[in-house]
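Chemist: Each chain is listed here by its residues.
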Amino acid sequence: MHGRFKRAIIIIIDALKYEFIDYNVSLQSMINEKIPPYKNKLTTLNHLRKQKPMHTRQYKFIADPPTTTMQRLKGLTTGSLPTFVDAGANFQSYEIMEDSFIDHLIKQKKKIKFFGDDTWLSLFPKRFYKSFEFPSFNVKDLHSLDNEILKHIYSELQVSDWDVIIAHFIGVDHCGHIYGPNHPAMREKLTQMDSVIRNVTNIMRDDTILFIMGDHGMTKTGDHGGDSADEIEAGLFIYSPAQIASRKQDETEDSIVMQMDFVPTLSLLLGLPIPFSNLGMVIPELFSYCPWWNTASNELRQVYHKIKALRLNAHQINLYLTTYQQIASDLPASKLRTLQQQVTRAESEVQGLITTMISQGPTNDALQKLQSLEKLYKKYIREAREMCENVWAKFDLKMIVAGILTVVLGAVQGLYFLVVWNNDEERLPASAKFLLAGSLLHMLYLVVHISLFSDAVPLMAYTLAVVLMLLNVAVMKDNLIKTGSLAEFVTLENVASTVLLASYCCFYFSNSFIVFENAVSLFLVQTLVCIFSFRIVLKNFSGERKENVKTDFMRYSKKSKSNFELIQVIKHPTTLVLVSTLLCCIVLRITSNFFVCREEQGSCENPFLTFPLASMEGASKNQRYILSVFSLASLVYAFRHWLKYFGNLNGTSPAVVCLSFAPPVAGMFICFHWALQGLPEFASESFSAWQLALMAQAVYIILIASMLTLMLFPLLVYMLPAKLGSTLRLPNQADFQQIIPTLYNQLKVRLTESQGGDEEKPPVVYGLGSAYSASVVAMLSIVSLLLALLLNDGIAPSLLLASIALYLCLELYSSATASEELRKGAHIASPCWAGMILLSLLSTLFFYGTGHQATIPSIRFEAAYTGFYGDFNNFILPGFLIWLNTFAGPIFFNLASPLLVFWPLLSSALVGMMVRKTPEQAQRKATWQGDFKLFNNGIHLRKSMFKLCCGIIVIASLKFLSAATAAALHRRHLMVWKIFAPRMVYEGAMFLTVSVCAFMAFLFVLRVDNVLSKFVKNIATKKGN
Amino acid sequence: MNERIQTNMHSFKVSRFILILSFSSLVSSALFGVLTIILLNDGPLSIIKNSVAGMKICMVAALVHCLLTFLISFLYGSESSEKYPFKPKITSVVKSLFILILGCIIFYIICICYGAPLLSSTTETFHFSMLLTVLICLPNCIFCGSNLDNWFTMFTSSSANGVETVVYFTSLCSLLGAWLGAVPIPLDWDRPWQEWPISCVIGALSGYCLGLLMAAVKLPWNLRNANKSKYF
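The listed protein sequences derive, respectively, from chains W and A. For the first sequence, my numbering begins at 1 and goes up steadily by one. For the second sequence, my numbering begins at 10001 and goes up steadily by one.
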């Protein structure tokens, strides 16, 4: 087909929603301030439409989800359908290998000039005659990219050495991400775009056509990625100084075109072949006018001209489908045949019509026939596209089954370790090795199978998984019956928490529960906390019944002095339990202030804490900043106070020095960083990029250095120098009870053994009673600061809430389980199943509580820019930072997981007050050993840590299993791509995160244990000398 | 011989009391079931149209049931409940009132914590917490006295037979019912009863009803077991 235009200008304004270009006349009378900032700003378009209706066209430009820029660019250049998984590759833009109109332009020796977003360059490397590309990843940068384009574009436009100009402006999208559409910055940005359009249209010549389009829309909060109407409705505006259509556009109804329709339209308008894999349909209206054909004279010509374009389009699609079927053969054959018949029939009709028209001239019914042909072609193209959409949303059932079986196998295997290794054996049972080897074989086989013959059904993997599962279950059952550990397991909190976990897993099968999962997880966590406290209360009273004497005494005192009753009630341990439970519940409830909305939640407004500080104004900005600073300071202080309380901040070992100074300094730098980020735009412009990032970089350096120090010297204990001889000259902080000097009989024995009954006193070591937990807490304090930095000022207070909740939950958990252990007389504290579930629920709650949702658009990409600026060469670092931001809650709680083992041994003040003591227990208090008790039983320590790790992974994999099964079951559900699939992806990522964190915590504890044993040995030898 | 007759008389009285209590629990369980159905249906008492009025009706019903049970235990069971002697003292009444108010406040806080809206529909939340107080704390106050220790002791020991069994089952079941009542709230069925706190009220009420039913079954069962152990 002949090219109607010689040259084309394509201006892509990222996130240009249809609402932005649609001029609303009814708003004209309103005062300027009252009009929404994004409305009626592109006045040039309206002006052109009024003045030259035959030269302009305006469409709703429907994008295919996912509405992320790279996917859209792919659709806009190749005309093909996008895929879901492509969305993940948005960071790592890959070159487009499919046929695109860019490639056809190059083949025709046309010259393309490109301005703007460098995503294009990675999609089409080395295609452009001249390019001015700029990195687009820095969301906070509203202007520099657009201004760079404007610096060059006008001069380059006027030099006529080009055929196609592509300009991609990014400012509107960034403005949406940072401030949302309802912000004065948007008005400014759109006005700037308007001036660009005005200038470009003034320069344009007659042989040029201009496309102004958005690649996607934006939601009311300015985000995109999903498939809501707000996100997919972009705007398209077409203009040329020459006439482009033979009739005015119908003003009354919205004209809608698909985004892939742009590809064939542009190709045919420029006289290029349509890209091979295109599935779009030409916009017929644009082919209704042709000056050389004199289409204006008669309607017949107009329709025929349209049909020519449609015919080429249909043949291209037909060729594509036929070729595709030969290679992949997954299109339904019957449907394809009917489609092919449609093309053949239309073709023969066209030929027949032309023949009769040439021989007999136009007959009366020619127009009618042509119009029906036009409909036929349109129908064909539409149906072909629908067929492809249906077919390509295809599910590989055999792989789904294999995947689910693998997850089940993993969960069962973890459960096996949890159950079978319950006795006091030091080594793993022989069956474990066999089962582990079987699982490894299964994984290996799956990998080989997928890489070699991915089409066949992995039958061997199925059988292997099922057999291993059955074996696991058989061994577990055997073991449970033999040891009777099942009866031990059945306690109130274990049963209740298992029921809660099971119901949580069931909730993944319902879309409404996934949509409101934040509220659901809050509800379940509260329930579990209440169950724990109920358990403590029950325990207190069942203990009371045993000590009848005491009760009688109490009754007696009550009768004699009723005034004291109130005091007694207040002093009663149960009151404290209730108060701390209520406090814990309230803290968890406050977390809901950090929940962000997802689109399906309906009437929901994002809390003001989730907006960036820069977008706020006036007093509220200061208040929020002060709130953030205050909560960060409290966070630092809380950890510090805890460490001090247990005497772990004495001495001058590198770790202690580092922990005394690094957190406050880092916290201060974080506050400065937030202050810089909160500066209004005009003020932050006076800083250069590196200055803005400096503070965050300082924080990174401090935190990484202290993390390394802590890994090298993980011990936070201080041995009083032996020279002092007595405890009279203690360090300053030591004069309180705060510091618990711990004496060890064991050490004493060792010393006396080596020294033969020397009169020297046993060494005094500070903080040895909390040696393990102090190291974990110290690590946690440093990680929490890192997370606070990445979460940004608004969300960071939720980390303080997380710490308080963790503390209170651990106290309640310890009170519920600790005294139980003591009563049994066992020194063994194996981690409790209910505690692991509590931890898992807390981490899910705080995933939502740190301002996230299980949807693709709610990923906070801006986290990658804390402390970094400009463009990234690789995507590991930004990916890591975004991961830290997204899973801040789970990371925090799972790194704290070893505390589930250590905390009950610490018997901190609150636990002591909450649980009614028996005299026996009071006696134990005198020889308090804290978690150092575990040191004496190294194998037990490793075993319980290993079991803890296993338990956490089992719980996470059970949740992942149910999310995956739900997604597989609902694969034809209307909401699968919006709700179930993202949930599964998030749950998978959560599973990985949780496993990695639990494992790291495990390794860290082993490291502490290692160093601690060296330390103790050192004491012994020192004394020996 | 005389003693034998006396013990027989005593055990007869206990059995009579237990059986009457069980029967009354059965009847009131049925009545509560009917009330739940009436509340759910369209009509002048529909809880869907006016949740506050519905909750008031529930409270009155629970109050009436409490008084009825109290009357029964007063008429027939004065001897059996010697464990917790009933002594109407001003201080204990005041204390009970204080406990009720405190219970209401705590229930209110817990409702909010579990996710009830903080600023909107406060009247409903408050009425719901009052309802929970009436269903759970009030029977405890009346039958276990104002001493909180007795309450928890009752929960830890399952041996008690008599009014305590009824209170034990009703309070546990209505708490559980109220908890379960929150489950359908997030579902997208668009039913009017999914509105907070209607489903929870219905849950608590049916829990109470179920608790009464369980107590009605459990009371004679316990009695039989107790008699067995006495004679064999």
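Keep in mind that the hints are not guaranteed to be accurate.
Some, not all, of what chain W presents toward chain A, calculated at C-beta under 10 Å [what the hints assert, rightly or not]:
#1 HIS152
#2 THR463
#3 SER503
#4 LEU522
#5 GLN526
#6 HIS572
#7 LEU576
#8 ARG589
#9 ILE859
#10 GLU862
Since the hints were derived computationally from the structure, they do not count as laboratory data. All residues carry an ideal CB built from backbone N, CA and C; glycine is no exception.
Chemist: A separate judgement is required for each hint: does it hold in the structure or not?
Modeler: Here is how each hint holds up against the structure:
Interface restraint check for HIS152 (chain W): the shortest CB-CB distance to chain A comes to about 52 Å, outside 10 Å, so the restraint is violated. Here the hint on THR463 (chain W) is broken, as its CB sits about 39 Å from the closest CB of chain A, past 10 Å. The restraint placing SER503 (chain W) at the interface with chain A holds, with a minimum CB-CB distance near 8 Å, inside the 10 Å limit. At a threshold of 10 Å, the smallest CB-CB gap from LEU522 (chain W) to chain A is about 6 Å, leaving the interface hint in force.
The beta carbon of GLN526 (chain W) comes within 5 Å of a beta carbon in chain A, closer than 10 Å, and the hint placing it at the interface holds. Checking HIS572 (chain W) against chain A by beta carbon gives a least distance of about 8 Å; that is within 10 Å, so the hint holds. For LEU576 (chain W), the interface hint is violated, since its Cβ never comes within 10 Å of a Cβ in chain A; the closest pair sits about 14 Å apart. Look at ARG589 (chain W): its Cβ gets to within about 4 Å of chain A, closer than 10 Å, so that hint holds up.
Given hint, ILE859 (chain W) at the interface with chain A, is violated; its Cβ is 24 Å from that chain's nearest Cβ, farther than 10 Å. Because the beta carbon of GLU862 (chain W) sits about 29 Å from the nearest beta carbon in chain A, more than 10 Å, this interface hint is broken.
Figure legend: structure checked against the earlier numbered hints; hints not met, in rising order: 1, 2, 7, 9 and 10.
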